[in-house]
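In order, the protein sequences belong to chains A and B. Under my numbering, the first sequence is numbered contiguously, ending at residue 304. Under my numbering, the second sequence is numbered contiguously, ending at residue 1328.
Note that these hints are calculated values from the structure, not bench results. Heads up, some of the hints might be wrong.
[What the hints assert, rightly or not] Derived Cβ-Cβ restraints for the label pairs, each shown as a range:
hint	chain 1	residue 1	chain 2	residue 2	range
1	A	Leu150	B	His1285	46 to 52 Å
2	A	Gly24	B	Thr1255	23 to 29 Å
3	A	Gln269	B	Val1250	40 to 46 Å
4	A	Gln269	B	Ser1034	45 to 51 Å
5	A	Asn152	B	Asp1222	56 to 62 Å
6	A	Gln60	B	Gly1153	53 to 59 Å
7	B	Leu1142	A	Gln269	41 to 47 Å
[What the hints assert, rightly or not] One side only, chain B facing chain A, incomplete, derived with CB under 7 Å:
hint	residue
8	Gly1006
9	Ala1027
10	Ala1104
11	Thr1197
12	Gln1216
C-beta: ideal position from N, C-alpha, C; glycine also.
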Amino acid sequence: MIVTLTHHQLRSIRRQRTFVMFLGSFVLITTMAALLGYSSSRTIVRVYDEATKLLAETGQPAPPNPFDVTPSLALLSNMTIYVPFIGAILAVVLGHSTVIDDKASGIGRLIFSRPLSRRTYLASKVLAVALALAVVMVVSWAISTVAVLLINGGISPGDVGRLVTYFALSWAYLFVFVLLGIVTVLVTRQRATALLTALGVWVAITFVLPQVTSGIRPVASLNPLTAPAPAVQSFFQMTSHLRPLSLSEEYKSASATILRTGAAESLGQTLTHTAPVLVAAVALGALCLGLIHRHDYSRSGSDE
Amino acid sequence: MSEASGKIFALARHEYRSAVRSRTMAAFAVILVSATLVSVYVSSVEYAAQLADYQTYRAAALANGLPRIAPSPLAPLSLLRGALEYLEIIGAVIAITLGYLSVARERSNRTLALIRSRPVSINEQTAGRLIGAVGVLSTLVLATVVVAVAGVGVIGHDWLSIGQVFRVVLVGLAAVVYLGIFYCLGVIATTRASLATNGLIVALGVWLVVVLVLPQIGDTLDADNQVPGGLFAALGLGHDGEVTILQHFVGYERTRTWIEDASLTKHFERFAFALTDVKERYRVHGLGWLINETKADLAWLLAYALALVAGLRHTLRRQSRTASSTTT
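For reference, chain B alone in the conformation it holds in the complex (with noise of 0.2 Å):
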């Protein structure tokens, strides 16, 4: 191991090892494992008596030796989306939480003098701490697939096939890039204010907007949700006539999928939802296709991701000279 690698390799620790003790952490997790148990229960129940049907009719089909039978319309992948959403917000929450606890932990410690009086780049601090919180948002993801992975099979009779866990690892991979840019958001809004709390606010009220306000914003302006039942249902118009009147309404779809598009909870969604068949018309599509078809937000959550990055190395580098200059 080089002497840079080794010191990316202390930082890292020293970040997940803080993170793990910190009851407050600890706490949110419980949340969302609990959460996440109730989402996928509910879910599984309704479910696996759905399966049970669906293998009742298969049987006495086979019994009667009928040629052709239908494949089951279900989809045990999409009983996850609860999980998702539940990432989603309190998975935010819970990185913005970890980056203000890392920079609040070091300034009542006082252990940034200290790092920084040890032979460490700027870009070694980025990357070390990076790395750690990687590391930490990585156990929450995995802690909170397992549970819900389990939980289809215990609770909806159907264990996910490999195929099944592949496509929910690189939904997880895309939770962690997504939570890990609330993370630097933590870590650049508290590093940035003169009292930690004032930063963690900051930050919260960031969260708000970009993961509850404008998909919120987007969802209302939605013609089919302006009535209970959908409206498009209520004029008694089906899919072909929905689209042929929405074609009137190019400008106004075009301003809703904008709002939608600023935010990035919005994209992490499309991507994890289209993976795991939460949306009916992706379920005939196979891995390729619904990576090519996604691959817009896959590069917007990527360019967020490098933005942040980008930002939290600028905001270590400019508090490494501000601390400098007010020492000499």
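For reference, chain A alone in the conformation it holds in the complex (with noise of 0.2 Å):
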């Protein structure tokens, strides 16, 4: 039942245009990232050259290139600013029209009139759209690998493997924010307040709790070099203990260490950041499910 039903569900999620709107916008921020990487590079090299050239002028010997030692998945830093940004937000719309149908038009009613638990229904759901997702990442993930080959003039197995871990947190990152679509959707009765109920929470942890936990302002928190506040400030000392809830620092933090573009970390500090990600995902994986046991299908939402 459940292969039929998740079958169903990403036929339903292919004829969507939510799904090509998706895969469009990241084939678009992926070739947006790698080629803000290639022009970054190149102005580093040139301003690079430039600047020897006036301080030989001045008699000034020339600084070491600060190009030598810029990572060679650099080029690919913006994608961590797109994710939690444009990504989060696909993804959020993404969870809601995968459920939102059933309920609005009463077809859930009628799915449920059949001999089908819910907890079936409900893995069938999420299984076909962490799918979906999975094929999204994949796509980016090819775009990346063959840029940084055309760009680096090659690509070493250890980056290959980077770029694949990069990927998989990437979609434990974004299958949150789905699953914020669905859980919005049955804590909701009207489709625009589900929908602007996971955008509140998505404003709260991409720009208010880096500024609660960090001090990154919303505007500094776009670009992929932040310098975070003074570790001295009390506030921030006490705060500090809320960064496992700053979803989007977490995810950018495992990013910059496995694309080796932030400061070394060692693999347990790493995995200290990952985990508040797919604890995010299992407890709202869990909360779905209560939810769904409890949702009131007998009663038709209101289409707006």
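Work from the hints to combine the two standalone chains into their complex.
Take a look at the structure:
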């Protein structure tokens, strides 16, 4: 039964414009991240050349080339911004559209008139959307790998592995927001309230919590190179305990370590940053399960 | 009060009341004000310590009879930076939501047909909606600004002068225009969509590009932002060296500026940051000079506002015609 339902759900997702929009947006942002990375690396080299000439004219020694210490995967560092900003919103919309139609159109009532458990129904929905998300991540990974290959003139097996790990982490992060989109549909009565509630949670996670826990201003969080607030402030010493709730920060920290674009960290520290994302996914999954059991499908939701 | 202004006022009051009663709007407003409070608190705590240091120095200098006392390098207005950034980002989402709810509410309550059964022209409808929305957005901006200014006074121990408050009022007015543009976007996208939620998604897509993506691209392409701590600093170059080198990147810089200019958010930000001393190079200048310096950004803001208001009017007119032809 679960295979049939998952198959059906995958076909629905494929027919929906939401998935096409999701896939298209990821192709676009991955390409854009690579082009921006290429442009940045070219600029660094050209600025360095000009700086060397300028300093030579004034009799000063040439400084070390900053590009020498730039990691090979740094050209994709913008992806660590686009995933929590653009990808997470798209993931919310994907999760929302996966369950809203059954609820709003009354199909849910029809489905549950058949001998079908709610657990199986939810599992098929979640499995289908997880597979769709995986397809998007694989496409994004392939584009990234080709971009690194072309721009850097080669890619090491280690970098291929790092890219696989990074996109696996991104899949988990986006999956959290897919589940958030599902949860808000199950706890609210109206289509728009569900979407706006999820958007409110996204705003809090992406902009407000990083400010509270690390003093990162909203616009500063758009830059892959953000300097955290001074740790001496007693306020941040207190709020740093909330850091596991700041999922976007944890995702960025783990991504920077995986792609080697940030400060080097031990495997244990990287896992500490990854754990909140995984815990959030499990917790929201459990919440979905609890909510779907209690959800009253006999009452059709408003179409708006 | 003339008959037309009476109708406009009634429509505006209806728009304002409906928005104020909405729980969704209230929840977003709470998020915005709370975020503002946190950002002002964070920056003001550090500021209060710096201010205390300066006052200690000043008292010691006066006691020793020093002829020249260095002026304070502190800029209390710059503490509003976080609040302005939240208005830029979360405020815009709230404005889109306001526009969306305005249309969705009329659709679900079927009040649009009722309004059209009354002798209300498109211009009156447009004006009524806009005035109501501006009222809601002004309330929101006022709440944010009052919380921010009070936060600077109470936590930073530095109350703004009348002149500084006047600057904040000008920035607040620009913020209302900025948010009004996103309100129009929300109404236009929702009205044009057959399913209101799809209109909301389209408007949020535009928000994503205008508020986050375009400024982010412009920021990322900035040569100095390529290396932690700044590329030019890493190369041991000062401001003069940076200017000399950037002369070789005229085309590159022009493209970067063009991308930033395409974002409405950047224009609001430049005006707001100039008036609130966020950029150090502007701190020495008076209000007249600053307004002259940012007049292009103000012009862009007004041009966007006029275009979106015209779009709103056109959309409402089209909606009215479609409804009439469906009825007949």
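Hint check results:
1. Leu150(A) to His1285(B): 46 to 52 Å: holds, 47 Å
2. Gly24(A) to Thr1255(B): 23 to 29 Å: holds, 24 Å
3. Gln269(A) to Val1250(B): 40 to 46 Å: Holds, since Gln269(A) and Val1250(B) (Cβ atoms, about 44 Å apart) stay within the stated range.
4. Gln269(A) to Ser1034(B): 45 to 51 Å: violated, 30 Å
5. Asn152(A) to Asp1222(B): 56 to 62 Å: violated, 22 Å
6. Gln60(A) to Gly1153(B): 53 to 59 Å: Violated - the Cβ-Cβ distance for Gln60(A) and Gly1153(B), about 48 Å, lies outside 53 to 59 Å.
7. Leu1142(B) to Gln269(A): 41 to 47 Å: holds, 44 Å
8. Gly1006: Where the cut-off is 7 Å and the nearest Cβ of chain A is about 31 Å from Gly1006(B), the hint is violated.
9. Ala1027: holds, 6 Å
10. Ala1104: holds, 5 Å
11. Thr1197: holds, 5 Å
12. Gln1216: At about 4 Å, which falls below the 7 Å cut-off, the nearest Cβ of chain A leaves the hint on Gln1216(B) intact, so it holds.
Of the numbered hints stated above, those contradicted by the structure are hints 4, 5, 6 and 8, listed in ascending order.
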